[in-house]
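Undergrad: On the provided structure of chain D, position chain P as indicated by the hints.
2 protein chains.
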Amino acid sequence: MPANNPGIEDLTTPALLLDEAKMMRNIERLEAHARSLGVALRPHLKTAKSVEIALRLGGGVSAPITVSTLAEAEVFHDAGFTDILYAVGIAPQKLARVQALRAKGCDLVVILDSPEQASAVAKAGVPALIEIDSDGHRGGRLADDPALIEIGKILGAKGVLRGVMTHAGESYTVRGAAAHAEFAELERSSAVKAADALRAAGLPCPIVSVGSTPTAHAARDLTGVTELRAGVYMVFDLVMAGLEVCTLDDLALSVLTTVIGHQPAKGWVMIDAGWMAMSRDRGTQTMDVDQGYGVVCDVEGRVLRDLIVRSANQEHGIIALRSGAKGPLPDLPVGTQLRILPNHACATAAQYDRYHVLSAAGGPLKTWHRFGGW
Amino acid sequence: MPANNPGIEDLTTPALLLDEAKMMRNIERLEAHARSLGVALRPHLKTAKSVEIALRLGGGVSAPITVSTLAEAEVFHDAGFTDILYAVGIAPQKLARVQALRAKGCDLVVILDSPEQASAVAKAGVPALIEIDSDGHRGGRLADDPALIEIGKILGAKGVLRGVMTHAGESYTVRGAAAHAEFAELERSSAVKAADALRAAGLPCPIVSVGSTPTAHAARDLTGVTELRAGVYMVFDLVMAGLEVCTLDDLALSVLTTVIGHQPAKGWVMIDAGWMAMSRDRGTQTMDVDQGYGVVCDVEGRVLRDLIVRSANQEHGIIALRSGAKGPLPDLPVGTQLRILPNHACATAAQYDRYHVLSAAGGPLKTWHRFGGW
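Line by line, the protein sequences give chains D and P.
Sequential numbering from 1 applies to the first sequence in the working numbering.
Sequential numbering from 1 applies to the second sequence in the working numbering.
Next up, chain D with everything else stripped away, as it sits in the complex (with noise of 0.2 Å):
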């Protein structure tokens, strides 16, 4: 990054900075390590939220991509994106746009894992895979269970049965790649299972989905699975990094903020980055090192030892040394603009409605939309 990237100094804080030349990083990492395992990757756009990141990734338009809103199939579909699959559980209420996107000429396949929703979605003629419950995370169901064969009869006997799909969220609770591969297995072998048993039941099963950002960089062997799903690692953050699924320079996004304020007896740097600014999440509470509301850098994004945003109210962050650091405090006048990275990407940046974008080719700051809502 340019020493002076011309620009910084004139945002308005807070605002979103995204590092491009660290996204295609993160973006090549990825899909180097599913070309080498042999699937298709199938990233996930609710962190990103972008037409220009989405048109960053490996294949252009032509790519399946994972979205989390139907907000987000329409504008990726309008973007020229068919290929999309809605990773969160079927309301039946919601059909009737998912058939409007299709008529569109989208192939949009929905998620399920009931008798009920497969009947509403085998009724409205929509593509479905069936969610695999591979670690008791969230939802879907056991690879054993009997249902699984009930569900995709259901989706079978109306040609609309496409597959399965897991998700390891517990994969967030270990730390390392040894433990994350264990994850991956997991997701593996379950979906797998589950596919064989769909099969052996005499019902067509061509798409295994699985996938996490940390066990997809952890997997080491995907066979039977042909796709792998992830989203935060175009950009990853500070719960990714305390994870070692990466390190704090490979951080793409960071929140640009200006020094308002002093407390010098407490050791206190007010900044105008609050909760609204870093979002409320505090994903790093219960790791190893907690990074409080974010990790403090120079305006130039070099981390300044110890320093975190140790609170915040809506529109006012608390930076201190974290306990039990020695110091001194750095000399932070008010002006002084300083970077903050998150602990939670997809968090954060739902908070802004714009990336300005530090470019990969050096230049001004560029301004990449970026969008939210259902």
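Because the hints were derived from the structure by calculation, they are not lab data.
Hints should not be assumed to be uniformly reliable.
To be verified - The calculated DSS-like cross-link candidates involving lysine-lysine, where the alpha carbons are at most 27 Å apart (straight line), are:
(1) P:LYS104 with P:LYS123
(2) P:LYS193 with D:LYS266
(3) P:LYS326 with D:LYS153
All of these numbers come straight from a predicted model, not from anything done at the bench.
TA: Below, chain P without anything else, positioned relative to chain D:
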């Protein structure tokens, strides 16, 4: 509220609902209290961020208001408001935007607590209040800090000293009106002491501004104070109910959601309101009653006993009985609409760009725009 308000069943979930009758009752409650104390009310619009709500406050566009961002100041000034306090310590870089608004006829006043800020503000000719630290919560100067007079003289020399302000954010850490009244007296006595010190130094101090939602409701005597600030009182939330500032029946905001799955063996009901819909705020986590990510109500707003959102992912919430509750879990089939009362109205509302309003007059839902950003 009508039993079957037309329109709710047609909303895409998650969606933010606002009960207008409850909001008007809350607004009138604090306005009556301020009148009884003989002080002006300067509502804080950081929670509402809606012109429609601002216009339903007592005084119309001639009333004083408080904002937390310059974007709020700009929107509310465009709507006709002219007496605006920007209640976050000013960064010198933001003064050009403040001056632009003032040049358009907006009497926008800023706050500060350092000689450096005072010099920049005086040079820009922008009026300011000096922030007083009444409870050690955040920014501000102690009422007996000699720097107060130094700052006052810098502002006074250019005729831009408007007065003092304080906010007892620590009032959120105690429960009940008696405890909140002690913080209200701390706000009053600190602000009045600072005003007296400035006046004794020959400086003007026409405005003495205090407030937080708990202290504003509990204050019994505001002698020497000229105005009272509060924000979340318009809609309240579970944190305010936990502090006994209101009851659950006063909560005017809720999130409409739809059931999307079950894990019966675990007693889980999955909904499409995750942290994106509720925010990551866990403000009740350390209170006497931890409400998880929110209290579950039926679609008409009746609390379902002992049912809370126990955990949340981005677009998934998991409803379960609160710890220790006996059950049974009510029957909530896929497709059932529910309403969730939020921990923290400011954070939850920030996730949406509109309110779906249950009209006080009955009839169909209204849609009120809300905005974010800086």
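Undergrad: Decide if the proposed pair is consistent with the structure: LYS104 (chain P) and LYS123 (chain P), CA atoms, cutoff 27 Å inclusive.
TA: Satisfied, since the Cα-Cα distance of roughly 19 Å is no more than 27 Å.
Undergrad: Does the alpha-carbon distance linking LYS193 (chain P) and LYS266 (chain D) stay inside the 27 Å limit?
TA: OK: LYS193 (chain P) and LYS266 (chain D) at ~23 Å, within 27 Å.
Undergrad: Given the hint that LYS326 (chain P) pairs with LYS153 (chain D), does the C-alpha gap stay at or below 27 Å?
TA: violated (37 Å)
Of the hints listed earlier, the one the structure fails to meet is number 3.
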